[in-house]
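Visitor: The residues making up each chain are set out below.
Protein chains: 2
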Amino acid sequence: MAPEAASLSGGSLLLAWQLKDKTVLIVGGGDVASGRIESVLVADARITLIAPRAGLHPLTKRFIDSSDRITYHDRVFAGPQDLEGVDMVLTAIDDVEASRQICALCRERKIPVNVADIPPSCDFYFGSQIRSGPLQIMISTNGNSPKLANIIRKKIERCIPEHAGEAIEKVGELRSKLKERAPGVGGEVGKRRMRWMVDVCSSWDMDDLALLDDTMMARLLDEGWEKNTVPRIEDLGGHHKKAANAHPVLSSSLIPTVLGFVAGVACTAVVLLRRRR
Amino acid sequence: MAPEAASLSGGSLLLAWQLKDKTVLIVGGGDVASGRIESVLVADARITLIAPRAGLHPLTKRFIDSSDRITYHDRVFAGPQDLEGVDMVLTAIDDVEASRQICALCRERKIPVNVADIPPSCDFYFGSQIRSGPLQIMISTNGNSPKLANIIRKKIERCIPEHAGEAIEKVGELRSKLKERAPGVGGEVGKRRMRWMVDVCSSWDMDDLALLDDTMMARLLDEGWEKNTVPRIEDLGGHHKKAANAHPVLSSSLIPTVLGFVAGVACTAVVLLRRRR
Chain A
1 MAPEAASLSG GSLLLAWQLK DKTVLIVGGG DVASGRIESV LVADARITLI
51 APRAGLHPLT KRFIDSSDRI TYHDRVFAGP QDLEGVDMVL TAIDDVEASR
101 QICALCRERK IPVNVADIPP SCDFYFGSQI RSGPLQIMIS TNGNSPKLAN
151 IIRKKIERCI PEHAGEAIEK VGELRSKLKE RAPGVGGEVG KRRMRWMVDV
201 CSSWDMDDLA LLDDTMMARL LDEGWEKNTV PRIEDLGGHH KKAANAHPVL
251 SSSLIPTVLG FVAGVACTAV VLLRRRR
Chain B
1 MAPEAASLSG GSLLLAWQLK DKTVLIVGGG DVASGRIESV LVADARITLI
51 APRAGLHPLT KRFIDSSDRI TYHDRVFAGP QDLEGVDMVL TAIDDVEASR
101 QICALCRERK IPVNVADIPP SCDFYFGSQI RSGPLQIMIS TNGNSPKLAN
151 IIRKKIERCI PEHAGEAIEK VGELRSKLKE RAPGVGGEVG KRRMRWMVDV
201 CSSWDMDDLA LLDDTMMARL LDEGWEKNTV PRIEDLGGHH KKAANAHPVL
251 SSSLIPTVLG FVAGVACTAV VLLRRRR
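Line by line, the protein sequences are chains A and B.
Counting from 1, one number per residue, gives the positions in the first sequence under the UniProt record's numbering.
Counting from 1, one number per residue, gives the positions in the second sequence under the UniProt record's numbering.
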């Protein structure tokens, strides 16, 4: 059933912003700023960090020392000149007045900006996040309850397959190899490629996809793509991950079965043996 | 363990973009564009839609007819004048050349833009999404496998509590009521408010939080906040949702127990009754 336009409201537009080779200015040296640095490094951006050295979080110090993508300035924000060549601004400082000024300067220049803890000065918010290799998940409660966002994040972490990140990485590699073998943008070959990749992802378990190595990928393309079929992992010389490591759902559903069986045996034995006497 | 800067890469910056009272230009009338309209309406934006009427998706027609937040133009994109007063641009048309031109015009004007199916012309991507009231979740595989993103989305849908969206809404209301009762930004009262809200969210089940009504919220504040404690739902005259409506996890774990019990009864009875003869 399609949603009614009137029922659609109260949310945000969730996006995966691209920052490769962009410059992000981060103002602040505390723990919030240090979390921002991590998120921005993940997105392959260059960072300009402005914060007095005295207040630097230990993790921020480590980032500065270990990453050549961070340009560090040991001072406070100095004015419009600090915004030159900047594609995004994230501030996390205690000075509310300075924060609002930075926000105003960004808005004049149409630079997307987030000022920690001052919602009206934010073009976007950060939600509760999960990352596993190329897999990224964001949970937003649209400001209603950061704690529930956290509880939901933990529930999600428990229910996504352990090797989901690796599976996605391997499928990305397989897709690149397939494109080399059967090149061309769009059209019939593009559709066939897409269908076959969907078939592979639907037929194989994520934990099995995570096992794909170069040899298996070559065989999967030779014996699968070329013959328009999807072989099983055993046909490619692989072994189910499950075989080595029992699936948690399976083992957890066995426990009540076994307990039930034992209880059934015990009850029946008691009843029948009593009647025998 | 803190991550090493060098290990952080290959991802995007996941964001909850704020569009309340902003204008988003959508160019295109097909099914991709219609999905974009839905996402943008959720974020409370005004929409300018440019697409010839002949190619309009049925859902798009319904959105145009039913929402006063959409201004519709029955034509193709006409040039820079169409970008005036626009805060974001989303295009989903087959004309690759026109798409690239729109993207170039947006970049000159620093308007964030997404051109469907042409990654280099995108400042941001859309991931696989879940929405339930104020709860929004995005799953991104960073372009590696849309199919696996979809599979993961379905797994997540199954593992988040059924009433998570309502719970978040109610907790948002409770937080507003608490702020009215104990106002003030930051400081000691802000910290106490945050601690108490965290305690409520940690002590109550999400399905129970979803049951909170005005009367129960008033009692929760009177008997909880004022006495610096968190009453149970029964203390406020409520009933566990679980009691009325068996939790699916509970009932599904009962099945193997019962089956095991029956099997145990049957086997023991057979063995003992045979021995009796």
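Do not take every clue at face value.
When chains are identical, the list treats them as one kind, so a pair holds in a single copy or across two.
Said to hold, decoys possible - Each computed EDC-like pair below joins lysine to aspartate or glutamate, with the alpha-carbon atoms no more than 16 Å apart: (1) Lys20 / Glu108; (2) Lys110 / Glu84; (3) Lys110 / Asp87; (4) Lys191 / Glu38; (5) Lys177 / Asp214; (6) Lys20 / Glu173; (7) Lys155 / Asp205; (8) Lys20 / Asp95; (9) Lys20 / Glu38; (10) Lys147 / Glu226; (11) Lys61 / Asp94; (12) Lys154 / Asp205; (13) Lys191 / Glu162; (14) Lys177 / Asp82; (15) Lys61 / Asp205; (16) Lys191 / Asp117.
Because the hints were derived from the structure by calculation, they are not lab data.
Visitor: Of the numbered hints stated previously, which ones are contradicted by the structure, given in increasing order?
Guide: Violated hints (numbers, rising): 1, 4, 6, 8, 10, 11, 13, 14 and 15; every other hint is consistent with the structure.
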